[in-house]
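Taking the hints into account, I'd like the entire structure generated from these sequences.
Protein chains in written order, with this note's numbering: chain A, 8 to 256; chain B, 4 to 376.
Don't read these hints as lab results, they were simulated from the structure.
Ideal Cβ placement from N, Cα and C applies to all residues, glycine included.
A few of these clues could be false.
What the hints assert, rightly or not - Taking beta-carbon pairs under 8 Å as the criterion, some of the chain A residues facing chain B (in silico):
| # | residue |
| --- | --- |
| 1 | 61 |
| 2 | 63 |
| 3 | 79 |
| 4 | 86 |
| 5 | 89 |
| 6 | 91 |
| 7 | 95 |
| 8 | 97 |
| 9 | 98 |
| 10 | 100 |
| 11 | 108 |
| 12 | 109 |
Stated by the list, open to error - Covered stretches of chain B (chain A as the covering partner; in silico rule of three or more C-beta atoms under 8 Å from a C-beta of chain A):
| # | stretch |
| --- | --- |
| 13 | 240-250 |
| 14 | 328-341 |
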Amino acid sequence: MLEIKNLHVAVEGKEILKGLSLSIQPGEVHAIMGPNGSGKSTLSYVLAGRAGYDVTEGSITYKGENLVALAPEERAAKGVFLAMQYPVEIPGVTTMTFLKTALNSQRRARAESDLDAVGVLKLVRAKAKTLNVSEEMLKRALNVGFSGGEKKRLEILQMALFEPKLAILDETDSGLDIDALRLVAEGVNALRDPSRAMLVITHYQRLLDYIVPDRIHVLAKGRIVAEGGKELALELEAKGYEHIVKEPA
Amino acid sequence: MTGVTALGLPEARRNEAAAVFRARGVPHRRIEEWKYSDLKAVLGEQGLGAVVAQWLVANLPSGVEVFDLSQPNPPGWVMAHVARPTQNVMNAASLALSVGGVALRVPANSKIADLLKLDFTGMGHVRGLLVLEEGASLTLVEGVGAADFRNVGFEIALGENSRLEHVRVSPGTSDAVLVEEVSLHIAKGAQYRAHFAGFGSKLARMELEIALEGEGAEAHLSGVSVLDGKRHSDVTTHVIHRHGNTASTQLFKHVVAGQARAVYQGKVTVAKGADGSDSSQTAKALLLGEGGEADLKPELEIFADDVKCAHGAAVGDLDAESLFYLRARGIPEAEARGLLLHAFLEDAVAEITNIDQRERVRTEMLAALKVIA
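Dropping the structure here:
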């Protein structure tokens with residue numbers, strides 16, 4: 008599904024990712040762990056297509072297609088979803104309006120017909136309930152005045168609504184207390200599917216207690232320095248990043 | 004002295020106004036208040052002229068009285084309020100050079116639900132007078148017709164505890180030079196709400212001078228402008244808190260594309276002894292591209308001790324992070340930009356209380372945004 012080969016990415020001329028390779032198959036959940044500044048967020052942004060993140064070398068192939076050539080909205084319509092670490096607050100756009108616009112934009116790009124307001128509302132309500140997203144939140148301006156937990160729940164609600172093929176979760180655990188974390192993780196686990204791949208990016212092992220990955224990659228200084236099964240998270244937790252990062256890659 | 008006699012306008016006041024105008028002449032960019040709106044330059048040789056512009060009451064709700072200012076023997080309510088002395092140069096010009104206009108009155112305690120629709124059209128000078136007597140209420144929808152040049156001098160007197168909502172939409176034109184001065188006197192407990200939507204012209208200037216003259220008097224001004232090409236839109240306000248415990252708010256938002264120019268100059272004066280006055284001014288502009296300009300100038304002049312005044316201005320570009328967020332969720336770039344521009348302007352539009360008018364302004368704003376997003 009996703010094939011990253013020798014990826015080099017520069018931001019404002021400074022190289023952040025320095026030859027990263029990664030391969031994810033449908034149905035798999037991979038985790039990227041790494042200390043601050045290792046390039047985790049850069050990886051998530053370059054996958055989603057944020058301007059200013061320049062691929063200087065290497066390739067990203069998604070379902071056989073060159074992902075780098077696509078605009079962010081084209082990636083979304085083709086099933087790439089990034090749950091952001093810091094969801095943006097947009098005053099003046101209600102959450103419901105945003106969800107409807109986004110959903111129908113993606114449908115249109117796939118030559119599917121628009122859903123009317125009632126159709127979208129029904130769909131959103133059904134998904135919102137399990138994620139404890141209230142009607143009142145949907146009426147408020149997008150993410151404005153939302154707590155950290157509410158913002159993350161809304162990200163997962165969007166993931167449930169858009170049904171992506173490749174979901175990237177960037178530090179979805181940051182800023183969450185244990186109850187909020189559990190709720191978000193349950194939402195993510197409910198979306199695990201043989202046709203869907205997930206890339207969970209996190210600093211801490213904590214999230215991986217709830218979203219158990221098939222494979223873990225450790226990112227340091229722009230490269231994958233260690234890989235393993237879910238037990239690698241426990242080792243990192245016990246010994247810290249220093250221990251692994253210091254070993255020659 | 005002014006050439007033609009306007010029967011409904013007092014000749015002595017017209018002569019005073021002519022003297023004010025003669026002393027100052029057509030304003031230009033070296034006059035501080037006209038720095039960003041060089042009227043003299045855009046009018047060129049043609050100058051102000053002395054042609055008479057027209058007015059049209061497109062909808063007159065029952066209970067509202069009209070008097071044509073070109074007619075003799077104006078009733079007492081006209082004489083009590085019309086042609087107050089002014090130092091505003093273009094207001095003086097309109098009084099000196101116009102030979103007519105319209106006067107409208109809402110009698111005491113009349114709550115008018117229907118809209119009063121008043122249009123100013125054609126080229127030249129024209130006067131307007133609107134009087135709301137004690138306890139009256141009205142929604143005024145002002146229409147702006149295109150013209151090579153028009154100067155409207157509009158006086159509004161709000162009696163005690165009256166309520167006026169004023170909505171003015173200035174449609175986009177490339178050639179028109181449109182100047183209007185509104186001078187308002189707001190009595191105790193009365194409230195003025197106004198929204199000015201401007202889509203720009205060669206030079207478009209809306210100038211307001213508002214006096215809050217009694218306890219509890221309030222003025223709430225808002226406006227949006229969406230400008231493209233070489234269009235210009237200027238809202239210049241001066242709110243004077245003459246009495247204590249009065250309130251004013253101002254919220255103006257501008258989206259500027261092309262080589263257009265948006266101007267907001269807002270001065271709030273709190274007179275000596277007007278303690279407990281509360282005022283706020285916010286003006287923000289988004290500049291799309293390199294060619295446009297926004298001149299935002301909020302200003303405070305405080306002579307009282309115990310007041311609450313806030314003001315702020317900001318000019319920026321669309322937030323890149325917000326744009327990426329929307330696009331990453333599948334919304335195409337142009338649509339995402341449109342959504343963010345709408346969101347930016349929306350709180351100013353939301354200030355309009357009349358639901359139909361709010362929807363109308365929103366619709367026109369979205370149409371204008373569609374062109375530039």
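For each hint, the structure was consulted:
Interface hint status for residue 61 of chain A: violated, as the beta-carbon distance to the closest one in chain B is roughly 15 Å, over 8 Å. For residue 63 of chain A, the suggested interface contact is broken, since its CB lies about 20 Å from the closest CB of chain B, more than 8 Å. With 8 Å as the threshold, the beta carbon of residue 79 of chain A comes within range of chain B, its nearest partner Cβ sitting at about 4 Å, so the hint holds. Against a cut-off of 8 Å between C-beta atoms, the interface hint on residue 86 of chain A is violated, since the closest Cβ of chain B lies about 10 Å away.
Hint on residue 89 of chain A holds. Least Cβ distance to chain B is approximately 6 Å, under the 8 Å limit. The criterion of a C-beta within 8 Å of any C-beta in chain B is met by residue 91 of chain A, whose closest approach is roughly 7 Å, and the hint holds. This hint holds: residue 95 of chain A has a C-beta 4 Å from the nearest C-beta of chain B, less than the 8 Å allowed. Given hint, residue 97 of chain A at the interface with chain B, holds; its Cβ is 6 Å from that chain's nearest Cβ, closer than 8 Å.
Contact between residue 98 of chain A and chain B, as hinted, is supported at the beta carbon level, the nearest pair being about 6 Å apart and thus within 8 Å. Against a cut-off of 8 Å between C-beta atoms, the interface hint on residue 100 of chain A holds, since the closest Cβ of chain B lies about 5 Å away. Because the beta carbon of residue 108 of chain A sits about 6 Å from the nearest beta carbon in chain B, less than 8 Å, this interface hint is met. Contact between residue 109 of chain A and chain B, as hinted, is supported at the beta carbon level, the nearest pair being about 4 Å apart and thus within 8 Å.
With 0 residues having a beta carbon nearer than 8 Å to a beta carbon of chain A, the stretch 240-250 of chain B misses the requirement of three or more and the stated coverage is violated. Only when three residues or more bring their CB closer than 8 Å to a CB of chain A does the claim for the stretch 328-341 of chain B stand; here the count is 11, and the claim holds.
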